[in-house]
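*Asks:* Listed here are the chains, written in short residue letters.
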Amino acid sequence: MIWNPNKECMPREQLRELQGKRLQKLVAYVYHNVPFYRHKMQEMDLMPDDIRSIDDIVKLPFTTKQDLRNNYPYGLMAAPKSEVVRVHASSGTTGNPTIVGYTRKDLAVWSEVMSRCLSAYGVTREDTFSVSYGYGLFTGGLGAHYGVENLGATVIPASTGNTEKHVRLIRDLKITGIACTPSYALYLAETVEKMGVSKDELSLRIGAFGAEPWTEHMRQEIQERLGLKGYNLYGLSEIMGPGVSCECEEQNGSHIHEDHFYPEIIDPNTLEPLPYGQQGELVFTTLTKEGMPLLRYRTKDLTSLMPGVCPCGRTSVRMTPIMGRSDDMLIIRGINVFPSQVESVILGMKEFEPRYMLVVDRINNLDTLQVQVEVRRDYFSDDISAMLNLKKALSDKLKSVLSISADVKLMEPNSIQRSQGKSQRVIDKRTFLVNKE
Amino acid sequence: MTIRQLSVFLENKTGRINEVVRTLGANGINMHAFSMAETADFGILRLIVSDVDKAVEVLRAHDFAVMSTDVVCLSCDNVPGSLAVILEYLAEEQIFIEYMYAFAQNDKAHVVIKPNDLKHCLEVLEAHHCSILTQEIL
Numbered sequence: 001m002i003w004n005p006n007k008e009c010m011p012r013e014q015l016r017e018l019q020g021k022r023l024q025k026l027v028a029y030v031y032h033n034v035p036f037y038r039h040k041m042q043e044m045d046l047m048p049d050d051i052r053s054i055d056d057i058v059k060l061p062f063t064t065k066q067d068l069r070n071n072y073p074y075g076l077m078a079a080p081k082s083e084v085v086r087v088h089a090s091s092g093t094t095g096n097p098t099i100v101g102y103t104r105k106d107l108a109v110w111s112e113v114m115s116r117c118l119s120a121y122g123v124t125r126e127d128t129f130s131v132s133y134g135y136g137l138f139t140g141g142l143g144a145h146y147g148v149e150n151l152g153a154t155v156i157p158a159s160t161g162n163t164e165k166h167v168r169l170i171r172d173l174k175i176t177g178i179a180c181t182p183s184y185a186l187y188l189a190e191t192v193e194k195m196g197v198s199k200d201e202l203s204l205r206i207g208a209f210g211a212e213p214w215t216e217h218m219r220q221e222i223q224e225r226l227g228l229k230g231y232n233l234y235g236l237s238e239i240m241g242p243g244v245s246c247e248c249e250e251q252n253g254s255h256i257h258e259d260h261f262y263p264e265i266i267d268p269n270t271l272e273p274l275p276y277g278q279q280g281e282l283v284f285t286t287l288t289k290e291g292m293p294l295l296r297y298r299t300k301d302l303t304s305l306m307p308g309v310c311p312c313g314r315t316s317v318r319m320t321p322i323m324g325r326s327d328d329m330l331i332i333r334g335i336n337v338f339p340s341q342v343e344s345v346i347l348g349m350k351e352f353e354p355r356y357m358l359v360v361d362r363i364n365n366l367d368t369l370q371v372q373v374e375v376r377r378d379y380f381s382d383d384i385s386a387m388l389n390l391k392k393a394l395s396d397k398l399k400s401v402l403s404i405s406a407d408v409k410l411m412e413p414n415s416i417q418r419s420q421g422k423s424q425r426v427i428d429k430r431t432f433l434v435n436k437e
Numbered sequence: 001m002t003i004r005q006l007s008v009f010l011e012n013k014t015g016r017i018n019e020v021v022r023t024l025g026a027n028g029i030n031m032h033a034f035s036m037a038e039t040a041d042f043g044i045l046r047l048i049v050s051d052v053d054k055a056v057e058v059l060r061a062h063d064f065a066v067m068s069t070d071v072v073c074l075s076c077d078n079v080p081g082s083l084a085v086i087l088e089y090l091a092e093e094q095i096f097i098e099y100m101y102a103f104a105q106n107d108k109a110h111v112v113i114k115p116n117d118l119k120h121c122l123e124v125l126e127a128h129h130c131s132i133l134t135q136e137i138l
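Chain order of the listed sequences is A and B.
Numbered by the working numbering, the letters in the first sequence go through residues 1 to 437 in order.
Numbered by the working numbering, the letters in the second sequence go through residues 1 to 138 in order.
So here's chain A without its partners, still in its complex pose (with noise of 0.2 Å):
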């Protein structure tokens, strides 16, 4: 079902006209209420009156998560304090969490984007819907939750934790979609077999998956343990949280509700824009948004945009799956292997301290990676054969997540560096000898 045909549907010429229109408030309202803003576009030469359709979004300036820290907590809002109903931050690995405030219209279209999202995967209003993201500063839980009820769906407000108690809540309360991250399916999907209950005693059908990349491979066993349909669901706090693009019934990209969110791909070195197709970073502005409005803002997200109608009627454009992270990517064999896919698999198991350090190398012309780990006291085992199985178990889950190999090796408690920075959980000893004639 389409939620709101008029806007997922319009003509792409309606629609970009819609966007400039859009984009040229938006400029005029961030000029004159975000000093950043005002001072980036004073400094190359730009006024308010130099947009005039959505074309003319390369003009403007770029914004970036330091400029986020750097502003930190409130200085990239645009509405007075009065007008912010709700605070939300991101997790901050290093420096300042990001900050990012909603006015009451900022949170009505988060819940009707994100009514978009579980309409196309085909929930309705006879749907008992779980929220298994967490519930608080993430705004994974609470995006999600007003979007379900704003559909009409009952909502079951699980957050993560106590999963046993969830796997019986998902069985007698017929618990029919669900929404985490795809790893947590994969660990719900387990505690469903250890506990002895077999998917035909589930209702669930539909499972809203996001907020860390995952694969095809994952997609399909997900799929397969759980009897239910998984659709990507992508969205970042500083953009808006969940909601912002999703998969329809296609299972075929994911639907960029771009009458709120104007995408782009850039190339991350040049920061030249790139035509439809092309992979690069995906870069968003904030078309409607009146808290802390964002022009251009830098997702580091590796992805392409699909041009085309897609066969559910929707006009919007497509973001292909998440390659991974432009900072942190590595290749391997081939394969882009991204530290944040190895840390879900650990973040996943409760054997293992939740640091690692990925060691490539390449040894008789073949890319080989090491994960290195720490297991947790409380798992140590004197039993041998116990502790080679829970390596096995470790390599088995990052060989389905990665699609490749890679050799686990058990390390002495804290005798992994604490991360400081994505960088420093990677030693890439490969030399690449490039050929010069």
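Hints may contain errors.
When the alpha-carbon atoms are kept at most 30 Å apart in a straight line, the in silico DSS-like pairs for lysine-lysine are as follows [what the hints assert, rightly or not]: (1) B/Lys-13 x A/Lys-399; (2) A/Lys-229 x A/Lys-174; (3) B/Lys-13 x A/Lys-429; (4) B/Lys-13 x A/Lys-391; (5) B/Lys-13 x A/Lys-392; (6) A/Lys-429 x A/Lys-409; (7) A/Lys-350 x B/Lys-13; (8) A/Lys-40 x A/Lys-59; (9) B/Lys-13 x A/Lys-397; (10) A/Lys-229 x A/Lys-7; (11) A/Lys-350 x B/Lys-54; (12) A/Lys-409 x B/Lys-13.
Quick caveat, the hints were computed from the structure, so don't treat them as lab data.
With the hints as your guide, set chain B onto chain A.
*Replies:* Same frame as chain A, but now just chain B:
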């Protein structure tokens, strides 16, 4: 009647055993016996020491993954065939030995055994009047 054995997880890295031994020595903990089990990329050092609790405390303070496991320590005559007799008792009762290590001195030999069923193992040994060492005797 069991004794507590200390197990220490070690990466295969030069000098790690030294650090365990040095740490124990510096804290006045004596080692009665030990054995090293190794795999391709990690090892488990198993030790019988004079003060298990203190050893766990000081090794953890030095970031070692440590645990204690109950094992049986028996003493038999240091003559050919004496151990075979005892192991026969255990095999008859279907007790599986996960690992063992031993040392002999003068007229006695001491054997540390990790059976799959500790309680049953002790019952069998006691029924055959085998000499079992306790933490106090050590």
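*Asks:* Give a verdict on every hint.
*Replies:* Here is what the structure says about each hint:
no., hint, result
1, B/Lys-13 x A/Lys-399, "holds (27 Å)"
2, A/Lys-229 x A/Lys-174, "holds (16 Å)"
3, B/Lys-13 x A/Lys-429, "holds (20 Å)"
4, B/Lys-13 x A/Lys-391, "holds (18 Å)"
5, B/Lys-13 x A/Lys-392, "holds (21 Å)"
6, A/Lys-429 x A/Lys-409, "holds (17 Å)"
7, A/Lys-350 x B/Lys-13, "holds (26 Å)"
8, A/Lys-40 x A/Lys-59, "holds (12 Å)"
9, B/Lys-13 x A/Lys-397, "holds (27 Å)"
10, A/Lys-229 x A/Lys-7, "holds (25 Å)"
11, A/Lys-350 x B/Lys-54, "holds (28 Å)"
12, A/Lys-409 x B/Lys-13, "holds (12 Å)"
Of the numbered hints given earlier, the model fails none.
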